[in-house]
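Given the structure of chain A, go ahead and fit chain B onto it with the hints provided.
There are 2 protein chains.
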Amino acid sequence: MRKKRDRVAVLGPEGTFTEIAARRIFKDVEFVYCDTVSAVFDSVSSGVEFGVVAIENSLEGSVNTTMDCLIDYDLKICNEVVLGINLCLVVVPGTKKEEIDTIISHPHALAQCRRFLSENFPDARLQRHESTAAAMEELKRLEGSAAIGPREAAKIYGLDVLFENIQDAESQTRFIVISKEAGTGRKTSIIFALKDEPGALYRALKEFAERDINLTKIESRPSKRKLGEYLFFVDLEGSLDDKEVKDALNSIKERTTFLKILGSYREDSYYSLR
Amino acid sequence: MRKKRDRVAVLGPEGTFTEIAARRIFKDVEFVYCDTVSAVFDSVSSGVEFGVVAIENSLEGSVNTTMDCLIDYDLKICNEVVLGINLCLVVVPGTKKEEIDTIISHPHALAQCRRFLSENFPDARLQRHESTAAAMEELKRLEGSAAIGPREAAKIYGLDVLFENIQDAESQTRFIVISKEAGTGRKTSIIFALKDEPGALYRALKEFAERDINLTKIESRPSKRKLGEYLFFVDLEGSLDDKEVKDALNSIKERTTFLKILGSYREDSYYSLR
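Chain order of the listed sequences is A and B. Take 1 as the starting number for the first sequence in our numbering and just add one per residue. Take 1 as the starting number for the second sequence in our numbering and just add one per residue.
Looking at chain A on its own, in the form it has when it is part of the complex (with noise of 0.2 Å):
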C-alpha cells in the first residue's frame, strides 16, 4: 500500500511564489491552498503536516502578518526557503499598455515596484490582492488591468507576460516551514519581550556576545499594545541541543517578560551565500 502523502499548507490560489518555494524542499505531497497567512497558520493548526508562509523580503521587509501568527499560534519553524523574486506583468492575451489602467496584486509585490510603476504608469490604479496569484485568476473578470506576479502563475492562467523583472532591484523572499513538530539544525529562532527598564536589550544581548553567539537577525516590533513596547525576533547561529544556546536561552529566561522558542532548523544554503 501506497504510503499517504503529506500535505502542505500554502497561500494560494495554484501557482504563488510561496508554492514555488515549497516545491523546492517538498517533493511527492498534497498541496492545500488557503486564502490567507493566518489560515496557512490555522491548516497546520488543525491537522495539516506542513505550512509554508513568506517572513520577510529584502526590499519590502518583514511580513507582518507571518510575524504576528509566529507570536499567537503554538508552532515551530522547522525548515526555510529563500526565493530569488522575478516579478512579472502579466495581462490578458491581447490587451495592450496603453490600455492599463488598473494594476492588481500583493501589496508586497507592488511595493517592490514602485519605480517601475511611477515610470510606465504613473496614472493607474493600484489594487492589492491577498496573494499575486489570486490577482491573476481575477484578471480574466477585468478589462484593462494588468497584475503583477510570478511568471510560472502566468502560465497556469494563460496570461501574457508584458515586462519582467520589474521589480526595483534584486530581491529575494524568506520563506519558513512551520510545523507542530520541532525541527533540527545549525539555525534557532526565537522571540522575546523585554522587561521596561534600562539597558534591557543591551544585558539580554550580552548573553549571546559572551557565548560567542552571533545572531544572523534581530528585529523589533511595537507589541501591539503600547507605544514604546516591543518584541525582539531573533534568529541565532547554533541550535537549541548546544549547551551554550541552552545557557543563554536560560539566563535571558529572567529578563524578558515573554520567551519562545520557535525552534532549531537547517539554514537555507542560498541565504548563507548572500
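To be clear, the hints were calculated from the coordinates, so they are not data collected in a lab. A virtual CB, placed ideally from N, CA and C, is assigned to each residue, including glycine. Among the clues, some could well be false.
[What the hints assert, rightly or not] What follows is a set of in silico ranges between Cβ atoms, one per label pair, in the way DEER data are often shown: (1) B:R24 <-> A:K226: 13 to 23 Å; (2) B:E14 <-> A:G47: 46 to 56 Å; (3) B:K27 <-> A:K155: 58 to 68 Å; (4) B:E181 <-> A:R186: 42 to 52 Å.
Only chain B this time, still in chain A's reference frame:
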C-alpha cells in the same frame, strides 16, 4: 504689516489624523495638503517650513514610508505628537449597514479594525486609499461603500458616523514634525547601520548602557539591499548637547557603516505618560 504665516505640509485632503495632530502644536499656520507621505518630505525639502507625518501606531507598528523617507531625505525631526485614535465607520447619509459591500480607508486604518470588519462585514471588499480623509472624499462617488477615518473628517465631508471606536484595541499614533532646522529637547533620534560582525549591535548598545543613556525605542528594518542587513532606528533619552550623548555617538560612529542624527526634540507628555 502682519508676519507671514508658517506653512505646514500634511497628508491631505483636509481632515486626516495627521492634520488633527498638526493642529495640536501649530496655531495660525497655513496647511499644505499632500497626496502622500513622500510628498510631505518633498514639500519640506523644497521650502515649506514644517511637515507632519505619522511614524508609528501602537496597533499596527511603524509607517514604512516614513522610515524610508527619514533615511533618504536630509531633514531633521524637531517635535513629536502622540494622538489617541478613534476610528469611525462612515457613510453617505441614508446608506444602511446591509447595503455596504466595499470599505475603503488607509491600509493602517483597515488593519487596525480587522476584528470589527471580520465580525460585522465578513464579505465586504476592503480597498486601500492613500489617506483616511481621501477615502471619505471619494465616498460620494461610490454606491454601497463605507470609509474608515476620524470623526472630524466625517463632519468636513458631510458623512454620517455609523460606528465609532471600531479599532481592535486602544490605539495611539505617534507623529513627528520634520523641518530643515534642528529642534531642541530631551529626546534624540538616530539611525545607524552596523558593520557585519558578530556582536556588533551588542557593542553599539554598550556605548549607551555604560553612559546610563536610556533607549526608549529600538527598531530594526531590513536595509532593502540584501537579506540579513539591518538599519536601526533608535530614540534615546538625552539631548545632542549632553556630553554623554556626544561621546556615545562618537564611539558608535566607528562601529557603523551609516549614521544619521535626526535631531533632538521635546518628548510629547502623552507619550511619556503611556
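Quick rundown of the hints versus the structure:
1. B:R24 <-> A:K226: 13 to 23 Å: holds, 20 Å
2. B:E14 <-> A:G47: 46 to 56 Å: 52 Å Cβ-Cβ, so the 46 to 56 Å window holds.
3. B:K27 <-> A:K155: 58 to 68 Å: Between K27 of chain B and K155 of chain A, where Cβ atoms are some 60 Å apart, the hint holds.
4. B:E181 <-> A:R186: 42 to 52 Å: holds, 50 Å
Comparing the model with each earlier hint shows no violations; every hint is respected.
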